[in-house]
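Protein chains in written order, with our numbering: chain X, 141 to 516; chain G, 141 to 516; chain Y, 141 to 516; chain U, 141 to 516.
Derived by calculation from the structure, the hints in this document are not laboratory data. Treat the hints with care, since some could be wrong.
Identical chains blur together in the list; that is why a pair holds if it fits in one copy or across any two.
Stated by the list, open to error - The calculated PhoX-like cross-link candidates involving lysine-lysine, where the alpha carbons are at most 25 Å apart (straight line), are: (1) K351 - K507; (2) K479 - K185; (3) K206 - K316; (4) K181 - K206; (5) K185 - K478; (6) K316 - K179.
Source: prediction; values computed, not measured.
4 protein chains.
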Amino acid sequence: MGMVGGSLDAFIGGVHRRAAIMDGEIELVCGVFSSNPEKSKETGKALYLPENRVYDNFEEMILKEKELPLGERMDFVSIVTPNHVHAAPTKLALENGFHVVCDKPITLNTEEAEEIAELVDRTGLLFCLTHNYTGYPMVKEAKHMIASGAIGKVRKVIVEYPQGWLATLVEVTGNKQAAWRTDPSRSGAAGGLGDIGTHAENLAEYITGLKITQLCADLTIFVEGRLLDDDANILLRFDNGAKGILQNSQIANGEENDLNIRIYGETGGLVWKQLDPNTLIHKTNQGARIIRTGVGNLSQAAQVHTRIPAGHPEGYFEAFANLYRNFAFQLRARWEGKKADPVYDFPSAQDGLRGMKFIDTVLASDKSDQKWTDFE
Amino acid sequence: MGMVGGSLDAFIGGVHRRAAIMDGEIELVCGVFSSNPEKSKETGKALYLPENRVYDNFEEMILKEKELPLGERMDFVSIVTPNHVHAAPTKLALENGFHVVCDKPITLNTEEAEEIAELVDRTGLLFCLTHNYTGYPMVKEAKHMIASGAIGKVRKVIVEYPQGWLATLVEVTGNKQAAWRTDPSRSGAAGGLGDIGTHAENLAEYITGLKITQLCADLTIFVEGRLLDDDANILLRFDNGAKGILQNSQIANGEENDLNIRIYGETGGLVWKQLDPNTLIHKTNQGARIIRTGVGNLSQAAQVHTRIPAGHPEGYFEAFANLYRNFAFQLRARWEGKKADPVYDFPSAQDGLRGMKFIDTVLASDKSDQKWTDFE
Amino acid sequence: MGMVGGSLDAFIGGVHRRAAIMDGEIELVCGVFSSNPEKSKETGKALYLPENRVYDNFEEMILKEKELPLGERMDFVSIVTPNHVHAAPTKLALENGFHVVCDKPITLNTEEAEEIAELVDRTGLLFCLTHNYTGYPMVKEAKHMIASGAIGKVRKVIVEYPQGWLATLVEVTGNKQAAWRTDPSRSGAAGGLGDIGTHAENLAEYITGLKITQLCADLTIFVEGRLLDDDANILLRFDNGAKGILQNSQIANGEENDLNIRIYGETGGLVWKQLDPNTLIHKTNQGARIIRTGVGNLSQAAQVHTRIPAGHPEGYFEAFANLYRNFAFQLRARWEGKKADPVYDFPSAQDGLRGMKFIDTVLASDKSDQKWTDFE
Amino acid sequence: MGMVGGSLDAFIGGVHRRAAIMDGEIELVCGVFSSNPEKSKETGKALYLPENRVYDNFEEMILKEKELPLGERMDFVSIVTPNHVHAAPTKLALENGFHVVCDKPITLNTEEAEEIAELVDRTGLLFCLTHNYTGYPMVKEAKHMIASGAIGKVRKVIVEYPQGWLATLVEVTGNKQAAWRTDPSRSGAAGGLGDIGTHAENLAEYITGLKITQLCADLTIFVEGRLLDDDANILLRFDNGAKGILQNSQIANGEENDLNIRIYGETGGLVWKQLDPNTLIHKTNQGARIIRTGVGNLSQAAQVHTRIPAGHPEGYFEAFANLYRNFAFQLRARWEGKKADPVYDFPSAQDGLRGMKFIDTVLASDKSDQKWTDFE
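Chain X extracted, bound-state conformation (with noise of 0.2 Å):
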């Protein structure tokens, strides 16, 4: 794996290397960890990397690399930058016969999305967009059930996504995170709707299986000076008939990333929540069953999702490393000849062209008097 951006002070960078590397499945090899390439020398040499395989621009990387022996050369690059600095790596990448994994959102607009679905199409190169939050096992086991019936047909779904963090205007006291997020020229044209809120919209439609179909949005920049959205309320439809809300806010004061779903089908109920993700809670009006990661009996989703026996939590980085250890399990089987196990799935570019048009959609029904916004 060769990495673009994830220097030392960098925050997604740290947590794609450990998910990548944590099953042993995967090696980082080489680098460009910043635009800044004395930042970039200092990461690589952090990160025990030989210094003639750190980078001082993407470009430099992926055509040295491509000239580097099979088996020596990285077998993929991850593309971990702000997301404006999404769309060119991945298509040189690609282009240059790398396959590619990439952090959320997958380009800055709909247009650069819909290029690089393009380019995966036509390559056939493997394409994994980090919607880290559905390599959670409980998360496997929801859409499990639901595909299996366990609910019935699905009424409604209320998908949340508060953070308290930028409650403030941090983005002006020095805070990288925010600030980079915060800007329309490095984030897109939306703030949070497309850091947090395409996660509750990617979670909410990989679960139910269903598709939203319209909406209607009300975002809102409460802190003053900011330059893109903080909060946003959406009513949902989709297109089983179910209705739902879809919420995320970045001024939700206190509140730390607590990601959760709520799905209410004609027989039952499941909730779930980022921040227990162990737990998923089967509720019936005949009682409710706590269902827990290693308890009992799960579906193959689930166990080949879940590292250790019950009881010893698996956090944020598992659920992300599933999507690496996928990626790479596919890999490999495309290496031996193999057809890869769907059951080790991954978000492909097609669910990140489809978030950028999830934000397309919001910002335009935000800006309309009319009720429902179709989707797609």
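Go by the hints and put chains G, Y and U onto chain X.
Coordinates of chains G, Y and U only, in the frame set by chain X:
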């Protein structure tokens, strides 16, 4: 106290009776417990009432009681019938000088509600609408904290009231509670919205001190054959610029009465759940505090609505009883020619009227293609 | 009902009154509320009792009430005084034909308890000791489940009653509740052990149906200057071979009344916590179920001790009231010459006697160098 | 790092590997993964090791690696075998100049443990015993708070480690994990006590900084046919006068790995549960605070053991990885001739020796009729 409604097989009548008498301030002295005189008599007997104080209809009760000497006759009427039998006994009672406690919603429609609000105003009699959830000590504490600026200016309010008991067409199975609640002639133009959505609306406005000014509603009848809404998703805008969401449901399979509210202000957040009513969480980005009934320095409002030291769970009956006890205190203050302490508050006819207008506005919004419908 | 003790500033008196009258089965008709006649009168007045039914001492009350005609006079006495004033009024009441409800512990020492147990036996009168926690519906359900074999033969029982309110020497600061509870002349030979440890012992034996046969105790007085134990750690052995732990504390800083019990059998486990009393967790190695008051198929015992549908929290007062209501039902059955349904149970004088012997045994064990001290 | 034990079907080997490599500080370079050379080879291959670095037995590994040049050869040995194969490879490794990480318990008996502690002392090499639960950030925070006086002098400690997986005789059903843990020849003289009770003992002493001085134990074998204890209830006394309880169980049906600790001091209490590891509750009689990983002003000790911002659950692997990373940091400091920062701590051979003595003391107490048995 004389009671209208509340035969032995009713649900809310028993709640009112226990709530009324629990604190030793109120005595049940007469009643008409059913439109069926036999059933009324049977209930009266089970409640140890003398036969001559069990009446055949509310007109008889009000007029005969009026003839009894003060001190012997009932001091006020408690009305616990289905919605369509709220207005008539309320009006007759007020017109004959009796104070009134009435279950919510105040009436079947806004016109009746306006009449009653006007009548209360004109007679100067006491009127209490039992939005019972406002009686919880931690609700009082939350209201006090917001009024005192503990979380800064409110930005976001999420209030929910999910239930699951109407996930199937139980109204045709002999479930009396379901039958009248889903029958437009007895329940009014709204189903779940009127039954529980108004509780959510009242709670949000009560705690925050804000008024909803605009809303955007999506109501649904999920259960085939049902005549009234069993699910509502509503976007809210408040008079101070805050945004919000109100959702209620009676098809949220597996939910009991999970009324809950989350309020985020500029400097903190508050979370309260009816199913864990003695706990209020005060969140900030620096950490959270667990506020508990009876623990530490609470507001006077929380204290006077708590009966016992911390750690003895007070529940639904006690919250309900707080309304009755406050009503009794205000009545006594009036008799004693004193000004009642405003800490002993309870919902008014104006609150009831506002609830009816809320229903009207939501129904109008639901039918509208426009995003926002003004409230008030 | 006539009451002994429970002046306005007492804690448990108000609980008993509310618990007694809440269900409309019992009326307070007379009382002696304090050893101070002035205070007794003042309380009687606040409770709207006629002056001639407020007495100066319990002897006067019992003897004068006895002279009143049946139907007018009190039917039973409720004794809510500190421990050292339990035995005398209980005996006098029983000797004069009055049934008795008495707060726990039954007496100041085992000798008195034996006398009372014998007297109850001899007179055939009803006697209820208010081990109120046994009144919770989920406690009834747990007892029923174990009796029905739902978790197999019981192997391990952990019962705890931690409080924190005596973490400092509050008994010298004017705290009346603390003062008598820590005074050997009013509380007896045990402090926290008698006050709350006996609740834990009673709960464990009540739910499991087992008897403790041996124990090993380590009592402590942590707060300097205190005269009675404020902490107890006790190993238990039961008559079926089960093992266990009982711990109670009044110096567990920050704990309210966190009475809780965990019971593990051959095929499952049960967990109940008084602070979340409407929930019972049924655990097995294949997964856990959340059992909730009013949800699904519960035992008759749970159902008849629940007043309202699921999701309306019933708390401490309602559990307490279940004892009084059952007492009233048994009294009425007796009057009607019927056999009372055993589902309407309440703790007996024998339970009270067992509690006193438990205290004796623990105190003996605490002083002993031997590991095990036999109980009974 | 070279590994002894941890074939593909082992449980703890995979944990150690992930924990070791996750932070990019440690690389697996060689190993002997099974006493069966075929199985060892197979595992080595699956882990992408070169064939010549997969050995047939630990003697071969240690001696051959020693011949490799520094920088190429393994820097330390990680021992993840069943208990009876801890001492021999540890001793050989230390004698040949290799640092050691060893799973707990350190050895099969105290004599071996003393030898190793002495050897570590003599060689001056690094030794880490993986009492992994001490690696959680909130455990570090709790330790820091107590050391800083945040809850005053400690009075009461309750530490528990209940599991349910051995509620039946699974050791005869082909469960390899159960088989060696319940076999005295491979596990030692203690069953659950050694497997999980020592974790509880270590955690209690680590967090409080206190030493257990006396104990009173009741061990049980509940499952017929089992050879070692599957349940333990133990009273504790600490060197500062604090009292406590330690209980562990493997027959607590339905429990996963619910290691938890409650500590009450003169001015406050702390509660931590391994199943919700990112939360620490700080209780006082004036209210409780929720302390969360990554939120607010935490100790340096908590901060340096946390990888990502609040709200991304870090779990078992990350806590385990903290031990390996600290070991790597101390190793590097040594190489660089620096003094390692004591904040990067890990359990020592002395901790392992203390654990063995704890086992001896509990077993002696269990057999004794005397209440108290001295520890140390």
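Taking the hints in turn, this is what the structure says about them:
1. K351 - K507: Both: 22 Å inside a copy, 24 Å across copies.
2. K479 - K185: For K479 and K185, only the inter-copy Cα distance (22 Å) is at most 25 Å; the intra-copy one is 38 Å.
3. K206 - K316: neither (33 Å within a copy, 46 Å between copies)
4. K181 - K206: within (20 Å within a copy, 33 Å between copies)
5. K185 - K478: between (37 Å within a copy, 19 Å between copies)
6. K316 - K179: within (15 Å within a copy, 49 Å between copies)
This entry does not satisfy hint 3, going by the numbered hints stated previously; all others are met.
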